[in-house]
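Chemist: Residue strings, one per chain:
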Amino acid sequence: ETGVTQTPRHLVMGMTNKKSLKCEQHLGHNAMYWYKQSAKKPLELMFVYSLEERVENNSVPSRFSPECPNSSHLFLHLHTLQPEDSALYLCASSQDTSGIYEQYFGPGTRLTVT
Amino acid sequence: QKEVEQNSGPLSVPEGAIASLNCTYSDRVSQSFFWYRQYSGKSPELIMSIYSNGDKEDGRFTAQLNKASQYVSLLIRDSQPSDSATYLCAVRSGGSNYKLTFGKGTLLTVNP
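Going down the list, the sequences are from chains Z and P. Count the first sequence with the numbering used here and you get residues 1 to 114, in order. Count the second sequence with the numbering used here and you get residues 1 to 112, in order.
Chain P with its partners taken away, still in its complex shape (with noise of 0.2 Å):
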C-alpha cells in the first residue's frame, strides 16, 4: 500500500524562525510532490509543487525532494503567525495520473 509520513506535531516555530515539515513517501515510482496547507475549518491549498530532485524556492518557501531517500520537505522562512495552520503533503504516484495520497499533515503552530 502507498503511504505518505509527515510528522503529525505540533511544531512550534518561533516568529521570524525557519520551520520545517518533512514527508517521506513510500512508492518509488511516485512523479510529482506536493505541498498543502489547510487552516482549521478550512479546505487545503496547494502552496507548492515539485517535480524534480533539488530544491524549488517560491517567496518564503522552499521545498526540497530527493527522490533517492523517497524524501520531501518544505521550508517556510521568516516563519509569520498566519503560516500557523496544517501542512499536507501529497504525491502522485507513476500508476494514475490525477490519484493523490496524502499525509495525514503536520500542525505548525508560529508563535508570536
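Looking at chain Z on its own, in the form it has when it is part of the complex (with noise of 0.2 Å):
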C-alpha cells in the first residue's frame, strides 16, 4: 500500500450518468494529481493540485471536473462522459510539486463508459 486509496476501484456508467471519483492520501502530502491511463496509449496527465490549488489543467475536456477540497482529499466529477474515457483513472501525490519529491500512485479507478 502506498498510502494513496482510491475509490470506487471499479465504476461503470453511462453516458448520460454523473458519478465521481474519489481520491485519499494518508502522507500528509501537499500536492495531488489526476492522471489517465487508456489502453496502448501512455499515462496522461490530467490536473494538479498544490495546496489546494490547481496549477495545472492540461486541456482536459470539462465533462471531467476535479475538486479539492483540502490536501488530503481529490475527486474527479464526472459527467456525459463518452465511451472513449474508458480508462484507469489514477490519482497520485507527492510532498509538493518542486519535482524533487516521488509521485506515489493511488490502485486506480477502472472507469467503464456504455
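Calculated directly from the structure, the hints in this document are not laboratory data. Be aware that one or more of the hints could be misleading.
What the hints assert, rightly or not - Computed list of chain P residues with no C-beta within reach of chain Z, every gap over 10 Å:
{"no.": "1", "residue": "Val4"}
{"no.": "2", "residue": "Asn7"}
{"no.": "3", "residue": "Asn53"}
{"no.": "4", "residue": "Thr62"}
{"no.": "5", "residue": "Gln64"}
{"no.": "6", "residue": "Arg77"}
{"no.": "7", "residue": "Asp78"}
{"no.": "8", "residue": "Ser82"}
{"no.": "9", "residue": "Ser84"}
{"no.": "10", "residue": "Asn111"}
{"no.": "11", "residue": "Pro112"}
Claimed, not checked - Keeping only pairs whose Cα atoms sit at most 27 Å apart, straight-line, the calculated DSS-like set for lysine-lysine is:
{"no.": "12", "chain 1": "Z", "residue 1": "Lys40", "chain 2": "P", "residue 2": "Lys99"}
{"no.": "13", "chain 1": "P", "residue 1": "Lys42", "chain 2": "Z", "residue 2": "Lys22"}
{"no.": "14", "chain 1": "Z", "residue 1": "Lys36", "chain 2": "P", "residue 2": "Lys42"}
{"no.": "15", "chain 1": "P", "residue 1": "Lys104", "chain 2": "Z", "residue 2": "Lys41"}
{"no.": "16", "chain 1": "Z", "residue 1": "Lys40", "chain 2": "Z", "residue 2": "Lys19"}
{"no.": "17", "chain 1": "P", "residue 1": "Lys67", "chain 2": "Z", "residue 2": "Lys22"}
{"no.": "18", "chain 1": "Z", "residue 1": "Lys19", "chain 2": "P", "residue 2": "Lys56"}
Beta carbons: idealized from backbone N, C-alpha and C, even for Gly.
Got two chains here, each in a separate frame; can you build the complex from them with the hints?
Modeler: As C-alpha cells, this is what we get:
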C-alpha cells in the first residue's frame, strides 16, 4: 500500500450519468494529481493541485471536473462522458510540486463508459 | 510535442538473464528520468530515478543515462519471474517541476 486510496475501484456508467471518483492520501503531502491511463497510450496528466489550488489543467474536456477540498482529498466529477473516456484513472500525491519528491500512485479506478 | 518512446515489447527473457529496457526522449532540456514498474492491474511504482549522465545502480537494477543521445535505459540483472511487469519510462522536462511525460511502457516477461 502506498498510502493513497481510491474509490471506487471499478465503475460502469452510462453516457448520461454523473459520478465522482474519490482519492485520499494519508501521507501528509501537499500536491495531488489525476492521471488517465488508456490502453496502448501513455499515462496522461490531467490535473495538478498544490495546497488545494489547481496549478495544471492539461487541456482536459469540461466533462471532467476536479475538486480538491483539502490537501488530503481529491475528487474527479464526471458527467456526460463518452465511450473513449473508458480508462484507468490514477490519483497520485507528492510532498510538493517542486519535482524533488516521488509521486505515489493510488490503485486506480477502472472506468467503463457504456 | 514532448515525447517519450519505448519499445512496447513484449520482451521475453529467461530467468537469471539480464533484461535491457530502453527509452528515448525528444525534449533536450529534460532534467530528470524515472523508471516505474506496473504489475498487471496495479498502479505504477517508482523503482529508479536518475539525474546525471552515467550509471546508477540499486540492487539488481541499473539505470543508464546519456543526455547527448537522449537515451535512458534500465538493466535488470538476474531477472526473476517476479520482475514480469510493464516498465514505464518517465521524463521531467526543464519547463515544469512536477510534470512527468510517460512512455507507453515495455512489457517484460521473465520465463522460469
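Chemist: Examine each Cβ of chain Z, and state whether all of them lie more than 10 Å from the Cβ of Asn7 (chain P).
Modeler: 14 Å, holds
Chemist: Decide, holds or violated, for the assertion that all CB atoms of chain Z are farther than 10 Å from the CB of Ser82 (chain P).
Modeler: 18 Å, holds
Chemist: Evaluate the condition: distance from the CB of Asn53 (chain P) to the nearest CB of chain Z exceeds 10 Å.
Modeler: The assertion about Asn53 (chain P) holds, with a minimum of 19 Å to chain Z.
Chemist: Taking 27 Å as the top limit, are the C-alpha atoms of Lys40 (chain Z) and Lys99 (chain P) close enough?
Modeler: 20 Å, holds
Chemist: So is Asn111 (chain P) really clear of chain Z, every C-beta pair being over 10 Å apart?
Modeler: Given that every Cβ of chain Z is farther than 10 Å from that of Asn111 (chain P), nearest at about 24 Å, it holds.
Chemist: Determine whether the non-interface label on Val4 (chain P) survives the test: each CB of chain Z must be over 10 Å from its CB.
Modeler: Contrary to the label, Val4 (chain P) does not stay out of reach of chain Z, its closest Cβ about 7 Å off (not over 10 Å).
Chemist: Verify that the Cβ of Arg77 (chain P) lies farther than 10 Å from every Cβ atom of chain Z, and report whether the claim holds or is violated.
Modeler: 23 Å, holds
Chemist: Measure nothing beyond the straight line between the CA atoms of Lys19 (chain Z) and Lys56 (chain P); if it is 27 Å or shorter, mark the hint as holding.
Modeler: 44 Å, violated
Chemist: Verify the proposed pairing of Lys104 (chain P) with Lys41 (chain Z), using a straight-line Cα cut of 27 Å.
Modeler: 5 Å, holds
Chemist: Verify this label for me: Thr62 (chain P) is non-interface relative to chain Z, using a Cβ-Cβ cutoff of 10 Å.
Modeler: Correct as stated: the minimum Cβ-Cβ distance to chain Z is 19 Å, above 10 Å.
Chemist: Just to be careful, I want the Cα atoms of Lys40 (chain Z) and Lys19 (chain Z) compared with a cutoff of 27 Å; is the pair within it?
Modeler: Status holds; Cα separation ~25 Å.
Chemist: Should the label of Gln64 (chain P) as a non-interface residue stand, given a Cβ cut-off of 10 Å to chain Z?
Modeler: The claim stands: Gln64 (chain P) keeps its Cβ more than 10 Å from every Cβ of chain Z (closest is about 20 Å).
Checked against the numbered hints above, the structure violates hints 1, 17, 18; every other hint is satisfied.
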